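Novice: Spelled out, the chains give:
Protein chains: 2
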Amino acid sequence: MDKVLMSHGGGGSMMQSFISEIFIEKFNNEYLNQMEDAALLPGKTVFTTDSFVVKPVFFPGGDIGRLAICGTVNDISMRGAKPLFLSASFIIEEGFPVDDIKKIVDSMVDAANEAGVQIVTGDTKVVEKHSADGIFINTAGIGILHDEASVSIKNGKPGDVVIVSGTIGDHGMAVMGAREGLDFDPPLLSDVSPLNKMVEKLMALRDAVKILRDPTRGGVAEVLYEIAGMSNVGIKIYEDKLPVKENVKSACSMLGIDYLHLANEGKLVCVVDKDFAYKALEIMKDDKYGKDAAIIGEIDDSGLVTIETIYGTNRIVDRPIGELLPRIC
Amino acid sequence: MDKVLMSHGGGGSMMQSFISEIFIEKFNNEYLNQMEDAALLPGKTVFTTDSFVVKPVFFPGGDIGRLAICGTVNDISMRGAKPLFLSASFIIEEGFPVDDIKKIVDSMVDAANEAGVQIVTGDTKVVEKHSADGIFINTAGIGILHDEASVSIKNGKPGDVVIVSGTIGDHGMAVMGAREGLDFDPPLLSDVSPLNKMVEKLMALRDAVKILRDPTRGGVAEVLYEIAGMSNVGIKIYEDKLPVKENVKSACSMLGIDYLHLANEGKLVCVVDKDFAYKALEIMKDDKYGKDAAIIGEIDDSGLVTIETIYGTNRIVDRPIGELLPRIC
Numbered sequence: 001m002d003k004v005l006m007s008h009g010g011g012g013s014m015m016q017s018f019i020s021e022i023f024i025e026k027f028n029n030e031y032l033n034q035m036e037d038a039a040l041l042p043g044k045t046v047f048t049t050d051s052f053v054v055k056p057v058f059f060p061g062g063d064i065g066r067l068a069i070c071g072t073v074n075d076i077s078m079r080g081a082k083p084l085f086l087s088a089s090f091i092i093e094e095g096f097p098v099d100d101i102k103k104i105v106d107s108m109v110d111a112a113n114e115a116g117v118q119i120v121t122g123d124t125k126v127v128e129k130h131s132a133d134g135i136f137i138n139t140a141g142i143g144i145l146h147d148e149a150s151v152s153i154k155n156g157k158p159g160d161v162v163i164v165s166g167t168i169g170d171h172g173m174a175v176m177g178a179r180e181g182l183d184f185d186p187p188l189l190s191d192v193s194p195l196n197k198m199v200e201k202l203m204a205l206r207d208a209v210k211i212l213r214d215p216t217r218g219g220v221a222e223v224l225y226e227i228a229g230m231s232n233v234g235i236k237i238y239e240d241k242l243p244v245k246e247n248v249k250s251a252c253s254m255l256g257i258d259y260l261h262l263a264n265e266g267k268l269v270c271v272v273d274k275d276f277a278y279k280a281l282e283i284m285k286d287d288k289y290g291k292d293a294a295i296i297g298e299i300d301d302s303g304l305v306t307i308e309t310i311y312g313t314n315r316i317v318d319r320p321i322g323e324l325l326p327r328i329c
Numbered sequence: 001m002d003k004v005l006m007s008h009g010g011g012g013s014m015m016q017s018f019i020s021e022i023f024i025e026k027f028n029n030e031y032l033n034q035m036e037d038a039a040l041l042p043g044k045t046v047f048t049t050d051s052f053v054v055k056p057v058f059f060p061g062g063d064i065g066r067l068a069i070c071g072t073v074n075d076i077s078m079r080g081a082k083p084l085f086l087s088a089s090f091i092i093e094e095g096f097p098v099d100d101i102k103k104i105v106d107s108m109v110d111a112a113n114e115a116g117v118q119i120v121t122g123d124t125k126v127v128e129k130h131s132a133d134g135i136f137i138n139t140a141g142i143g144i145l146h147d148e149a150s151v152s153i154k155n156g157k158p159g160d161v162v163i164v165s166g167t168i169g170d171h172g173m174a175v176m177g178a179r180e181g182l183d184f185d186p187p188l189l190s191d192v193s194p195l196n197k198m199v200e201k202l203m204a205l206r207d208a209v210k211i212l213r214d215p216t217r218g219g220v221a222e223v224l225y226e227i228a229g230m231s232n233v234g235i236k237i238y239e240d241k242l243p244v245k246e247n248v249k250s251a252c253s254m255l256g257i258d259y260l261h262l263a264n265e266g267k268l269v270c271v272v273d274k275d276f277a278y279k280a281l282e283i284m285k286d287d288k289y290g291k292d293a294a295i296i297g298e299i300d301d302s303g304l305v306t307i308e309t310i311y312g313t314n315r316i317v318d319r320p321i322g323e324l325l326p327r328i329c
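As you go down the protein sequences, you meet chains R and X in turn. Numbered according to this note's numbering, the first sequence spans residues 1 to 329. Numbered according to this note's numbering, the second sequence spans residues 1 to 329.
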């Protein structure tokens, strides 16, 4: 490996090893080594960052601005924290329409208002034509750990229940559709949404909520593999329990894509103590962004991530390796 | 104005109005409106962000990695705060050499160690060939306000003294030289350095240190204009007191460039109560990065930024408008 490949940013196992080898080992410290979506710092401060390079910049159901706010709000939330303050840094290609920036900023403002966060610091760089593709946005964010929170990717134990907060693959397929000119009827919109309010309500269940993770690049499959790996457990899910929109499902079978690999930007995967599973499900279903929430499986001690198909057979879930679709976020 | 121009990112007055109109007015809140290099949040937390797009990625005296650490360390420091934790987010063009990433990461590690900060969270995105130019790095940072700190761009009062911590324009001219193939004898290196230790020592002077600002894009001239504008004062500087390397000075006169417009990445401009000016100067000169520090002028009530030339005449300092040199940081 002497040159960076698209798959090094694809969210799958190639990206994980690239990041471990190139960054984690060198930057090595107790906070980074938590390997969570956000770092937990002293004083219950939670800190995270993401750069957004989605293409196209405007897609059905959202745009890079809403994505940049929700992505960072959600990464903080998945650590069991309340997001408070965001930074916003723009790299803009010379010639990019100013009206498009205004639209993007408006949608950042709307998303920030909805999530109840403030954009408190920023930066703007402009690069020559062809030195960037339109606009890239970085957001970093600071939050404060919920008092009740006790979530970690390492918390999974056999018997725990796995819940997903809604339909799978909407963002990935909506962006793919926009890029490839696919027509969906009914129209398919990205799920890009801030999940902090849902997480805040889940925190009432305290340490019964063991793991929170948003299945973005690499999709639900990658999250399940990360949970299995970091908690040193297995996971079994059930195909007939997976909430997937019909049009996403049929587009996937047409294109030969596994919807478990598709990115989501307004969904979370939650691992809960089994005695609190229905309570957690109820909390999610009561939330604006959780009405299609479903229990999809459970943690076991197999060390494998398996799926029971609608035919009753069992198979290993494919782990995403390289990139399904570049620049999904 | 319907398309973004290079000058919108050039650090001069065009960038200031672009940012005010497009971002500040929309994101409008008490923290962002401080208009400092970093936001001061509740709990004495200081938060900042910068994206780095410097070209070339490796330049005499540094690289984009060292720049990305020092830039954010310095922005936190200029708020009178101690930098603690940084994020690092990479946008990499497909095909970028992995060995170059390793060199950049090594230099980030060195700079972070020198500054005493930790890189605790990160992100990696890869975009297609020609969708970015090599590598862009965003760093955001969190710091904690020094107990003694009382700095703000609005603090300048007539009679205060203006000090610069060393030679002016080294970074800007080093990058320009690397890009244009200019040969300097002796070689000219960028000054890219972390200034947090120097600031920490200056804090012993408590509220006698009124303003700290690092003159990056737009150079010393832009910082003087921002101070004059935000503090509602004038500033007079003296050409014969400005520390400038001979080779920077001669390259500037050859190229018709004002060194006051050249970017610096390891210098600060400090406004100090006049009774503490020599003490502040001594502290700076004792620091590794401040040996060429000099008192360059004073605040007055003229409302103008003026320079007394070596011929004894007075003129208005030119304010940078567009971009002198794109992608300097």
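Calculated directly from the structure, the hints in this document are not laboratory data. Treat the hints with care, as some may be off.
The list treats identical chains as interchangeable, and a pair is accepted whether it falls inside one copy or across any two copies.
Pairs of lysine to any residue, SDA-like flavour, derived with a Cα cap of 25 Å [stated by the list, open to error]: (1) K129 - E93; (2) K241 - Y289; (3) K102 - R179; (4) K197 - D100.
Please read all numbers here as calculations on a predicted model, not as lab measurements.
Novice: List, from low to high, the hint numbers that the structure doesn't satisfy.
Specialist: As far as the earlier hints go, only 4 is violated by this structure.
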